[in-house]
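Protein chains: 2
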Amino acid sequence: MKKLRVALVGNGNTAWHYAQLISQLPHVTLWSAGRDAQQTAQFASNVGAHHNCTLPNLPTDLDLYILAITDDALPEAASQLGQVRGLVVHTSGFVNMDVLKPLPRIGVLYPLQTLTKGTPIAAEKIPLLVEAAIIADTVFLLQLAQLLVLQVFEVSSAERKRLHVAAVFANNFTNHLMGKSLELLEPTGLPPQILHPLMEETLRKALVLGPELAQTGPAKRGDHRTMEGHKLLLNPADAALYQILSNSIQKLYEGKL
Amino acid sequence: MKKLRVALVGNGNTAWHYAQLISQLPHVTLWSAGRDAQQTAQFASNVGAHHNCTLPNLPTDLDLYILAITDDALPEAASQLGQVRGLVVHTSGFVNMDVLKPLPRIGVLYPLQTLTKGTPIAAEKIPLLVEAAIIADTVFLLQLAQLLVLQVFEVSSAERKRLHVAAVFANNFTNHLMGKSLELLEPTGLPPQILHPLMEETLRKALVLGPELAQTGPAKRGDHRTMEGHKLLLNPADAALYQILSNSIQKLYEGKL
Chain A
15 MKKLRVALVG
25 NGNTAWHYAQ
35 LISQLPHVTL
45 WSAGRDAQQT
55 AQFASNVGAH
65 HNCTLPNLPT
75 DLDLYILAIT
85 DDALPEAASQ
95 LGQVRGLVVH
105 TSGFVNMDVL
115 KPLPRIGVLY
125 PLQTLTKGTP
135 IAAEKIPLLV
145 EAAIIADTVF
155 LLQLAQLLVL
165 QVFEVSSAER
175 KRLHVAAVFA
185 NNFTNHLMGK
195 SLELLEPTGL
205 PPQILHPLME
215 ETLRKALVLG
225 PELAQTGPAK
235 RGDHRTMEGH
245 KLLLNPADAA
255 LYQILSNSIQ
265 KLYEGKL
Chain B
15 MKKLRVALVG
25 NGNTAWHYAQ
35 LISQLPHVTL
45 WSAGRDAQQT
55 AQFASNVGAH
65 HNCTLPNLPT
75 DLDLYILAIT
85 DDALPEAASQ
95 LGQVRGLVVH
105 TSGFVNMDVL
115 KPLPRIGVLY
125 PLQTLTKGTP
135 IAAEKIPLLV
145 EAAIIADTVF
155 LLQLAQLLVL
165 QVFEVSSAER
175 KRLHVAAVFA
185 NNFTNHLMGK
195 SLELLEPTGL
205 PPQILHPLME
215 ETLRKALVLG
225 PELAQTGPAK
235 RGDHRTMEGH
245 KLLLNPADAA
255 LYQILSNSIQ
265 KLYEGKL
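Each protein sequence line maps, in turn, to chains A and B. Using our numbering, read the first sequence as starting at 15 and increasing by one per residue. Using our numbering, read the second sequence as starting at 15 and increasing by one per residue.
Quick caveat, the hints were computed from the structure, so don't treat them as lab data. Among the clues, some could well be false.
You can't tell identical chains apart in this list, so a pair holds if it fits in one copy or across any two.
What the hints assert, rightly or not - In the DSS-like style, the derived pairs of lysine-lysine whose C-alpha atoms are separated by at most 25 angstroms in a straight line are:
no. : residue 1 : residue 2
1   : 139       : 219
2   : 265       : 17
3   : 175       : 139
4   : 265       : 245
5   : 175       : 115
6   : 234       : 131
7   : 115       : 131
Can you make the complete structure from the sequences, with help from the hints?
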């Protein structure tokens with residue numbers, strides 16, 4: 015069986031997770047590439063890549079080049095891979111596939127997950143969103159992604175951008191509000207664990223019922239007295255945040271109660 | 015062994031869960047009470063209460079009266095229990111214990127959880143916050159609560175109010191943002207399940223690392239180009255929500271990166 019030859023560019027969170035996923039495949043040779051030769055060698059050794067080099071020194075005839083680097087670094091990396099004939103994909107949620115032009119075969123392999131270097135995530139917990147400029151590459155990426163993870167979707171650049179914003183709401187913003195919640199707890203001296211069951215049940219209900227049915231609280235009920243009382247306990251910035259979130263909830267349930 | 019004689023007033027979400035918890039105790043006789051005799055009889059039958067009656071007809075010498083009713087209904091209920099010599103507690107997060115005055119023995123038994131009638135929650139997932147006006151009742155409530163659940167804390171009315179606001183952030187607001195996230199997904203036609211692994215991992219990381227260390231995203235990085243691009247995909251109200259949440263995140267990490 016012919017070995018799949020893959021280059022993984024970058025040594026951050028996303029590159030680390032792609033290395034974990036790809037090294038599960040039985041017939042693959044993995045190159046690790048980056049700007050800095052020493053860092054790249056270190057990363058290659060950590061993840062068990064077979065070869066490592068700087069970006070311009072990568073072989074030009076590999077099957078797949080995965081650019082797991084920051085959005086801003088993509089144009090330069092694409093130009094350094096100018097001679098490559100294989101498929102080059104980036105892993106960004108909010109950058110058009112076209113950033114890789116004029117390379118002949120381009121695509122995207124975006125993991126819809128919050129990834130932390132060194133903390134493995136079960137493959138079924140990483141949905142992969144696939145896009146490619148030509149149909150043969152789309153088919154190849156879909157097949158490859160299905161070997162790596164459980165949930166695979168073909169998603170256009172425009173749709174992927176919507177998902178990237180959705181991920182900011184589902185991850186960045188909910189995490190921040192959990193932080194605010196624990197910050198409010200601090201002066202009481204009670205342990206953070208007192209709020210953990212509520213956080214767990216909040217997610218469970220949202221997943222089972224859907225957030226619209228799971229919603230409770232003074233904003234949904236239109237209980238203005240409680241909302242005013244709550245705001246008196248908050249500093250001005252958090253009270254403003256409380257108000258705009260409550261308005262947003264009230265708008266959703268207006269006329270629905 | 016003397017039986018504990020408990021009256022549970024109300025037939026909503028909280029009353030249902032207290033009935034589940036209390037009926038686990040080996041030596042208890044449970045009264046169910048409410049405004050409406052027929053609804054109360056129905057509820058009593060559902061939860062297996064031994065007796066049921068309207069509020070003014072409750073025996074005045076029970077050990078404990080749990081008022082699991084809306085905040086607004088508390089003053090009237092307290093006045094209807096004017097002859098009671100036992101301990102009367104309410105279950106509200108944001109109402110002072112003193113609302114039950116001039117009853118002689120008063121307290122609070124507040125479950126820090128989002129409760130849905132008919133959906134049992136494991137007892138270890140319901141922290142109970144206890145308060146009472148006299149020390150003997152505090153000791154009694156702490157001991158009883160420890161028989162019912164895993165996490166029990168003595169918490170003053172002022173601290174409990176902070177926790178109630180904290181719960182709005184941890185539950186109401188995060189649930190609403192998960193809803194916004196799924197709302198953004200809708201036009202793509204992709205299934206809601208595509209966002210579930212991210213939501214699960216967001217909570218897991220927040221619980222393990224704490225939200226401050228778990229935070230990622232454009233606001234934390236100060237990546238204004240991505241934030242502006244995100245807002246272009248949102249309607250004006252959601253863009254305003256995005257901005258104030260991003261400002262709040264940026265404020266937290268200013269000078270910390």
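Checked hints:
no.	hint	in the structure
1	139 with 219	both (19 angstroms within a copy, 13 angstroms between copies)
2	265 with 17	neither (56 angstroms within a copy, 49 angstroms between copies)
3	175 with 139	within (20 angstroms within a copy, 37 angstroms between copies)
4	265 with 245	both (19 angstroms within a copy, 19 angstroms between copies)
5	175 with 115	within (19 angstroms within a copy, 57 angstroms between copies)
6	234 with 131	between (39 angstroms within a copy, 18 angstroms between copies)
7	115 with 131	neither (29 angstroms within a copy, 56 angstroms between copies)
The structure does not agree with the numbered hints 2, 7 stated previously, though it agrees with the rest.
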